[in-house]
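Colleague: If you use my numbering, the sequence shown corresponds to residues 1 to 291, in order.
Keep in mind that the hints were calculated from the coordinates and are not lab data.
Restricting the straight-line Cα-Cα distance to at most 27 Å, the calculated cross-link-like pairs of lysine-lysine (DSSO-like) are:
| hint | residue 1 | residue 2 |
| --- | --- | --- |
| 1 | K78 | K197 |
| 2 | K38 | K19 |
| 3 | K52 | K38 |
| 4 | K100 | K3 |
| 5 | K19 | K3 |
| 6 | K38 | K3 |
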Amino acid sequence: MSKIVLQLIDGQWRESHSKELIEVTDPATQQVLALAPKATHEEIEMAIASAKLAFLSWREVPVSERARLMLRYQHLLKEHHDELAEILAQETGKTFADAKGDVWRGIEVVEQAANIASLMMGETVENVARGIDTASWIQPLGVCTGITPFNFPAMIPLWMFPLAIAAGNTFILKPSEQDPLTPNRLAELFIEAGAPKGVLQVLHGGREQVDTLLTHPDIRAISFVGSVPVGQHIYRTGTAHLKRVQAFAGAKNHMVIMPDANKEQVLSNLVGASCGAAGQRCMAISVAVFV
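Produce the complete structure using the sequences and hints provided.
Modeller: Right, here's the structure in full:
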């Protein structure tokens, strides 16, 4: 029997009580690698409550300590780079080289998260008017959630939770149900790096689970990467419930080739830009314009 994908809730890896399971397959062989659960309502509530409680203490942790957590995490990601790429390649069908690039792009964001002290700096301006000074502070919001797509299961989760957590928030990750093994391994390494209980939660599922997160009163902010229709739904639903939402969806990307361009280089770049990752990326070239 295929293994059940676990969920990270309240600092522990738990098997879901859900009877609804989604097959995770190797696209190259169609072998079933694992079964991902659709989190139950009770499991979602438990994860949110844990993240909300953890936020009270995590926001008070000095920014230098939060930065050191990211440095330790970056070190572990580099140590396990090939292992992560192997997991990713198997569940997505990417080449090993593409999978390594996926992981590496995420590691670069963790490096940026380790610089959180400079990113959190506010501003002070004296004498903006007679007898008036102004000051601004950057403060964490609370419980944030990230909904990530199937095409970059390492890079895109790493766009989200390291920066949010380094800034003092807590985070609930809902990765794609098509390739949850890579995000789970990322979370395991984050716990190994010393992340406190409740700071990161990982839930699995589909639209029903996402809608619960979008409408829950204790979720303060939502980050999404994926298709246009889903992005529109997430943005409209989240903002209607007074949440901060960033939704990064697909695009119509053009490549303009000038008359004096190097033909061999253009053709090589055109193929890579349009067909890399099997074309399954939002920045893929879909129109080439020859001038």
